[in-house]
Amino acid sequence: MKSTKRGFSLLEAIVALVVLTLVFTSVWGWFGTAATSTERIESAVAMPEVFSQFIINLELETLEDDRQGQFIINGFEVNWTSIPQRQSNNETYRRQPNWIVTLFVVQADVTQNGKIISSFSTKTVRQWRDPDYISPSGFY
Amino acid sequence: MNQLSPANKPLGFTLIEMLVVLVILGLTTTLLSEGLSNTWRNFERLGSRDMMASTAQLPINWFAESVEGAVLYHPYAPVVIGDAKTFEFITTKAPNDSKNIPQTIRWYISSTNQGWELFFASTYDGQHVRVKQFDTLPVFQYLYEKVWQQNFSPKDARLPDAVRITLANNVYLVAKPGRPVLADMPAELPIFGEYEF
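If you're matching them up, the sequences are chains L and W in order. Here our numbering is used: the first residue of the first sequence is 1, the next is one more, and so on. Here our numbering is used: the first residue of the second sequence is 141, the next is one more, and so on.
Derived by calculation from the structure, the hints in this document are not laboratory data. Be aware that one or more of the hints could be misleading.
What the hints assert, rightly or not - Listing some non-contacts, in silico: residues in chain L with all C-beta distances to chain W over 12 Å:
(1) V15
(2) A16
(3) Y93
(4) T102
(5) S121
Said to hold, decoys possible - Each computed SDA-like pair below joins lysine to any residue, with the alpha-carbon atoms no more than 25 Å apart:
(6) L:K123 with W:L283
(7) W:K225 with L:D65
(8) W:K286 with L:G114
(9) W:K286 with W:L322
(10) W:K286 with L:L11
(11) W:K286 with L:D65
(12) W:K239 with L:I72
(13) W:K286 with L:F51
(14) W:K272 with L:K123
(15) W:K233 with L:D65
(16) W:K233 with L:N113
(17) L:K123 with W:N201
(18) W:K272 with W:W288
(19) W:K225 with W:L277
(20) L:K123 with W:L165
(21) W:K286 with L:P84
(22) W:K286 with L:N57
To be verified - One side only, chain W facing chain L, incomplete, derived with CB under 7 Å:
(23) G175
(24) R189
(25) A193
(26) T195
(27) Q197
(28) A302
(29) V314
Backbone N, C-alpha and C define an ideal beta-carbon position, used for all residues, glycine too.
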């Protein structure tokens with residue numbers, strides 16, 4: 001008498017395939033996450049250096065006329081724009097009438113190969129002499 | 141012998157079944173271990189990169205901090221000597237001094253047969269410390285009167301607005317004095333004339 005049960009049934013094969021597929025996709029996804037996060041952390045590691053150099057570079061800008069620009073720091077391109085938040089000649093009380101004091105919000109994007117890696121914003125204060133000021137006594 | 145009845149057919153898998161299962165298991169295991177070892181290598185690279193980044197950061201920090209602590213000690217005496225290869229000034233933040241004692245320090249570049257090296261020399265303890273090695277020629281530049289210049293050796297007391305090291309048109313670092321670049325003069329000085337310091 002011949003056995004009718006030779007090999008797997010279709011159901012068994014399908015269940016096995018599904019289980020295998022599930023395991024594979026989860027493990028593959030995990031590896032993929034690890035790879036992408038490695039890349040992200042790699043660029044994040046360089047960010048403190050970029051930021052400290054950015055601050056020094058920004059201090060050399062007067063921000064009186066130039067309100068945006070680009071620094072190249074350590075292979076990263078840092079594009080920044082500065083927006084005046086408060087300016088002393090717009091305030092009701094002006095303590096130094098011959099100076100314009102401005103609080104800027106500086107927004108910067110760090111890019112590498114056209115891809116934005118990080119962006120941050122910082123605040124800074126700048127002052128310059130008011131060109132429209134006329135001293136009542138003739139002296140500053 | 142071959143004519144076994146179903147009742148006394150031996151239980152278990154045949155050799156072929158076992159082989160197929162083993163082959164599939166082997167394939168998946170190699171695939172997984174490959175991925176795992178890749179991931180581990182990535183993480184290791186990350187660790188060494190972190191270390192590399194921080195060691196690359198150290199010379200920049202030391203230089204920038206020393207320039208940030210640059211001081212003048214007399215309103216007329218020049219204290220800065222700067223050219224393309226040397227930058228000498230007085231600072232309260234020398235890299236090897238934790239007590240912040242003002243002292244003359246010199247950053248200089250010397251060429252070796254492998255390239256160029258950035259040295260730090262302190263007149264306080266006379267030590268010369270090699271800080272960083274470069275493949276391209278590093279050059280000191282000084283921001284003065286809104287222009288980056290190769291030399292900065294003023295006759296009176298003043299600091300450059302900023303100092304930078306460039307490597308073949310790439311800026312390696314920028315540093316800026318933290319205190320005013322001109323000596324603080326008493327407001328009465330122009331009225332009363334000469335003053336004995």
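Verification of the hints:
no., hint, result
1, V15, "holds (15 Å)"
2, A16, "violated (9 Å)"
3, Y93, "holds (25 Å)"
4, T102, "holds (20 Å)"
5, S121, "holds (21 Å)"
6, L:K123 with W:L283, "holds (24 Å)"
7, W:K225 with L:D65, "violated (34 Å)"
8, W:K286 with L:G114, "violated (31 Å)"
9, W:K286 with W:L322, "holds (15 Å)"
10, W:K286 with L:L11, "violated (80 Å)"
11, W:K286 with L:D65, "holds (15 Å)"
12, W:K239 with L:I72, "violated (35 Å)"
13, W:K286 with L:F51, "holds (23 Å)"
14, W:K272 with L:K123, "violated (33 Å)"
15, W:K233 with L:D65, "violated (34 Å)"
16, W:K233 with L:N113, "violated (37 Å)"
17, L:K123 with W:N201, "holds (22 Å)"
18, W:K272 with W:W288, "holds (23 Å)"
19, W:K225 with W:L277, "holds (10 Å)"
20, L:K123 with W:L165, "violated (59 Å)"
21, W:K286 with L:P84, "holds (24 Å)"
22, W:K286 with L:N57, "holds (13 Å)"
23, G175, "holds (4 Å)"
24, R189, "holds (6 Å)"
25, A193, "holds (5 Å)"
26, T195, "violated (11 Å)"
27, Q197, "holds (5 Å)"
28, A302, "holds (6 Å)"
29, V314, "holds (5 Å)"
Consistency with the previously given hints fails for numbers 2, 7, 8, 10, 12, 14, 15, 16, 20 and 26, ordered from lowest to highest.
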